[in-house]
Each structure stands twice: as structure tokens, then as C-alpha cells.
Amino acid sequence: MDGDTLLDQVERAERALVDASRRSVRTDGDRPDTQERTVQDDFDAIIAAEQKIEPRDWMPDAYRRTLIRQIAQHAHSEIIGMQPEGNWISRAPSLKRKAILLAKVQDEAGHGLYLYAAAETLGIGRDELVAMLLEGRQKYSSIFNYPTLTWADIGAIGWLVDGAAIVNQVPLCRCSYGPYARAMIRICKEESFHQRQGFEILFTLSHGTPGQRDMAQDAVNRWWYPSLAMFGPPDADSTHSEQSMAWGIKRFGNDDLRQRFVDMCVPQAEVLGLTLPDDGLRWDADRDRYAFTPPDFDELARVIRGDGPCNRQRLAHRRRAQDEGAWVREAAAAHAAKRSGGTP
Amino acid sequence: MSDWPLWEVFVRPRRGLAHTHVGSLHASDAETALHNARDVYTRRQEGLSIWVVPAAMITASSPDEKDEFFDPAADKAYRHPTFYDVPEGTKHL
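Same order as they appear, the protein sequences are chains A and B. For the first sequence, the numbering used here gives the first residue as 1, with consecutive numbering after it. For the second sequence, the numbering used here gives the first residue as 1, with consecutive numbering after it.
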């Protein structure tokens with residue numbers, strides 16, 4: 001990250017994808033003629049050349065399973081992530097803020113759908129993915145289990161939660177699986193307004209009345225650590241990291257990405273005139289980075305296990321939406337059947 | 001031959017890029033369409049993968065209704081990052 005915008009980084013990732021597509025992949029191999037080249041060799045060569053694996057290519061089962069788990073979790077997060085923000089649509093302080101928030105929540109729905117479609121290219125069905133979310137067999141990001149208590153939380157989510165998501169997601173634009181990488185490029189481009197609108201909300205509040213300023217500070221105090229926890233456990237305790245790195249699904253470790261996020265946020269907090277709730281936060285000249293107090297990983301584990309402030313509420317709401325939307329799906333099927341002259 | 005269905009042809013030019021529309025052809029069935037698409041559209045190794053889709057299966061928006069169809073997005077400048085003021089000196093936003 002060289003002091004540039006999100007969009008610059010996404011454009012570089014997109015260029016890298018095009019450049020890599022021009023390189024030829026070594027398919028002759030360097031093995032003796034007596035040994036036959038395997039599909040695994042081809043797969044490894046494609047990964048080594050930084051090219052993309054496409055849906056009909058051979059891939060190891062574990063690679064497929066890892067991608068399904070990760071893309072589905074990502075899709076579920078976009079969908080569940082509509083809830084904390086949707087909470088404030090009816091109470092946005094102005095028509096302008098309301099229109100913006102609506103547009104943002106619409107984007108989250110769209111991003112969830114791009115990702116479900118990318119997961120489906122791996123041979124899993126949409127119904128199955130939704131069922132796994134509703135039955136708690138697949139996860140979504142722990143961050144969405146925290147409540148949005150005031151309007152300032154919408155600002156803090158845009159600035160911190162979307163900011164952290166972006167730091168996580170920009171490297172995914174370079175993921176080795178083509179459909180996921182292409183979906184992430186599209187998502188990151190659209191996402192670029194989310195963080196800015198959050199920052200603008202907080203800037204407006206922090207330069208408003210003392211009460212508005214306090215509300216902004218309170219929101220930042222509550223969202224800072226849950227946002228830091230979004231990068232996952234420390235690398236040493238991260239179960240999936242190493243293999244995902246080798247497969248080119250993941251590009252950087254959790255600790256590295258968390259550090260990048262902190263380094264980005266500290267100067268931005270100064271512009272906002274707000275403080276970050278960490279007494280241990282200071283510039284570390286030796287490392288040329290900020291030193292900070294890590295999040296409470298026990299809390300993260302608890303929230304992931306299901307014991308966050310809003311876990312039950314989020315899933316219950318999603319299940320209710322699924323049940324209450326059943327008549328819409330049935331009506332659509334009946335309408336399609338009627339038009340084609342058949343039966344549903 | 002005009003009785004044969006029309007197939008739209010999509011080619012993935014290189015690994016990592018999405019399939020893009022390159023043209024169409026008539027063929028009696030899907031498999032023939034695929035072989036013909038290879039001969040018509042990838043004689044110079046233009047692609048790694050081809051999709052053929054029956055043209056009749058494509059539902060397209062009508063050019064006459066373009067305005068009403070796409071209008072809803074026209075007045076939503078706030079979907080673009082440039083809509084927001086970023087204070088001077090703010091980085092990585």
C-alpha cells in the first residue's frame with residue numbers, strides 16, 4: 001500500500017490479473033518422460049504462474065472446500081451485514097443520509113448475490129448455502145453481532161468496519177480462483193463509497209455540537225476493537241492461513257493486515273478529531289509502524305461460537321425473512337408456470 | 001440451415017478473464033454449435049474456453065425502453081465515491 005486510494009489498489013489488482021493472463025503457463029514440466037504429468041502438476045503450475053483457476057479446471061478437493069467455505073462465509077456476511085445498518089434507515093437524520101444508507105444496504109445485498117453466484121460455480125447450490133447459514137453450519141463475520149445503538153454507529157461502521165473489510169478484500173482481488181477474484185474486483189470498486197460516507201458522517205458529527213461529538217466518540221470507542229478482531233485470530237492460532245497462502249487464496253497474514261489497518265486509521269482519526277480507545281497506541285519508530293493493544297481474542301472466539309450481543313437476533317431475523325418471503329418465491333414460481341402454460 | 005437455431009458464442013480469451021460475447025452462428029445442436037464456434041471464432045487461438053447459448057434463451061432489454069429502464073440509477077450520484085468530501089490530507093480513503 002503506497003499511500004494511494006482503494007481504487008488505485010483495485011485497479012492494480014485488475015491489471016495484474018490481465019498481465020498474468022498473458023503469461024504462458026509451463027505445461028511441459030521438468031519431469032522425466034517416464035513420469036506422466038498429472039492434473040495436480042497442471043494445477044500447481046497455474047498457481048505458480050499467478051494465473052487463475054477457472055470453474056471447469058481440475059482442482060484439489062480441499063481447495064474447492066476451502067473456497068466454498070470462505071466465499072459462502074463472505075456472502076453470508078454481506079447479507080447479515082444489512083441488518084445492523086438497516087436498523088437506521090427509517091431514522092436517518094435527513095433525506096440525503098437516508099438515500100445514501102439505502103444505496104449502501106442495497107450494495108450489501110448485491111455483493112452477497114455476486115458472492116453466492118461465485119460459490120455456486122464450485123458446484124454447490126444456493127439453497128444449500130442458505131440452509132447452512134440458517135442452521136448455523138456456516139459462519140458470517142463476527143462484527144455483525146454487535147448492535148447499532150446510535151446514528152453515529154452508521155458512521156463508525158462505514159469508516160471502521162468497511163475500512164477493515166476493504167483492507168481484507170483488496171488482496172482477495174488477486175485470489176487464485178477466477179470467479180472469486182472477478183467478483184471481488186467488482187465489489188471493491190462499488191465499496192469505495194461506503195467507507196467515505198461513513199467517514200463523512202463521523203466528520204460532520206465530530207465538528208457539530210458537543211453532544212454530536214460525544215456520540216461520534218462513543219461509537220468509535222465501541223466499534224474499534226470489534227473492527228480489529230475482524231482480521232481473525234493471530235497468525236499463530238489461525239487454522240486455515242498457511243494452506244490458503246500456498247494456494248494463493250490468501251495473500252497476507254491476519255496480523256499483517258491488522259497492522260495495516262491500524263496504520264491507516266490513526267492519521268484518519270486525527271483528521272476526524274476523535275481518539276481511538278487504546279492507551280497503548282503509540283508510534284513505534286523502530287518498526288516504522290504504530291504499536292497497539294490487540295483485541296480480546298477470547299471475546300472474538302465467544303462471538304464466533306454464538307455468544308455475541310446479537311447472534312441469536314441476527315439469525316432469528318434472517319430465518320424470519322426466509323419464512324415470511326416464502327409466499328413471494330411461491331408466487332413467482334406460480335406466475336412463471338402460468339406464463340409457460342405448465343404446472344409449478 | 002435457416003431452420004437451425006441461432007447460438008450466441010462467448011469466448012474466454014485467457015485464463016483469469018471472463019467469457020465475452022464474440023458473435024453468433026447457426027447449428028443443428030449444441031455440440032455442433034460448440035465445434036463450429038471453435039472453427040469460426042478461435043482459429044488463431046483466441047480462446048481457452050467457449051460457451052454457446054441458444055439465442056432464443058436470451059432475454060434482452062429493449063433499446064426503445066432504455067431510458068425508463070436505466071433511469072432509476074441516473075439521479076443517485078451518492079453511489080459514487082466522488083460524491084463525498086474528503087478533508088484535505090486524509091489518506092487511504
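These aren't lab readings, by the way, just hints derived from the structure by calculation. Quick caveat, the model's predicted, so the values are computed rather than measured. The reader is advised that the hints may include incorrect statements.
Once the Cα atoms are required to be at most 20 Å apart in a straight line, the calculated EDC-like pairs of lysine to aspartate or glutamate come out as [unchecked claim]:
(1) A:98 - B:75
(2) A:189 - A:107
(3) B:91 - A:107
(4) A:96 - B:65
A partial selection of chain B residues facing chain A, derived with a Cβ cut-off under 10 Å [to be verified]:
(5) 12
(6) 76
(7) 78
(8) 79
For glycine and all other residues, C-beta sits at the position ideal for the given N, C-alpha and C.
So, going through the hints one by one against the coordinates:
1. Of the supplied pair hints, the one linking residue 98 (chain A) and residue 75 (chain B) holds, its CA atoms being roughly 15 Å apart against a limit of 20 Å.
2. Among the hinted pairs, residue 189 (chain A) with residue 107 (chain A) is consistent with the structure: their alpha-carbon atoms are about 11 Å apart, no more than 20 Å.
3. Of the pairs offered as hints, the one joining residue 91 (chain B) and residue 107 (chain A) is violated, with about 24 Å between alpha carbons and a cut-off of 20 Å exceeded.
4. At most 20 Å may separate the alpha-carbon atoms for a hinted pair to count; residue 96 (chain A) and residue 65 (chain B) exceed this at roughly 29 Å.
5. Proximity of residue 12 (chain B) to chain A holds as hinted, the smallest CB-CB distance being about 7 Å (cut-off 10 Å).
6. Given hint, residue 76 (chain B) at the interface with chain A, holds; its Cβ is 6 Å from that chain's nearest Cβ, closer than 10 Å.
7. The interface hint given for residue 78 (chain B) is met, as the beta carbon of that residue sits about 5 Å from the closest beta carbon of chain A, less than 10 Å.
8. Below 10 Å, beta-carbon pairs count as interface contacts, and residue 79 (chain B) has one with chain A at about 5 Å; its hint therefore holds.
When held up to the earlier numbered hints, the structure conflicts with 3 and 4 and fits the remainder.
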